[in-house]
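*Asks:* Sequence:
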Amino acid sequence: MSTTETTWVPPSVLERMSEELETLSADPSPSPTVEERIRTLRDAIRNAETSEKPDDGLVEAGMLVTALFAGDEHPTSFLVGPRSLVEADPSIAVDVYSPTSPLGRAIDGAHVGDTVRYALPSGRSITLRILAAEPFRG
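Following this note's numbering, the numbering of the sequence shown begins with 17 at its first residue and continues without gaps.
Quick caveat, the hints were computed from the structure, so don't treat them as lab data.
Only true hints are included.
Quick list of the computed label-pair ranges, beta carbon to beta carbon: (1) R58 x T131: 39 to 47 Å; (2) R99 x R133: 16 to 24 Å; (3) G154 x G125: 17 to 25 Å; (4) R53 x E89: 38 to 46 Å; (5) P44 x H127: 49 to 57 Å; (6) E36 x G73: 33 to 41 Å; (7) T82 x A42: 38 to 46 Å; (8) D72 x E35: 27 to 35 Å; (9) S45 x R145: 49 to 57 Å; (10) S141 x S67: 33 to 41 Å.
Backbone N, C-alpha and C fix where the C-beta goes; we use that ideal spot for every residue, glycine too.
From just these sequences and the hints, can you work out the full model?
*Replies:* Set out below in structure tokens:
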């Protein structure tokens, strides 16, 4: 049995993707570029997860995280999710970090109160403390 990994997206992004797919699919003679976009959208929609995450303090895709990075005076808030969300829904007004980015991988599964350390591609190490993790309702 084959398993396909789902990707969390807000309902507004799923709606936008569905609308774009409907518009593109109406073209009786799409260009190869449009055909590829249609395939990409179909795959994204098929694998989309839109459920709201539980408000349990667990960091995972779909959570708005507030963290204090070592050396910073003020906390930073960001959404854990696919970077394509920024393009797909301009109303998302926070930074988005992919779960597969160094930061995303480091904090995935962490809880509020945890201190996490991770390495940037440059090799520099960064430490942060998770102050809050709540479902994104954007």
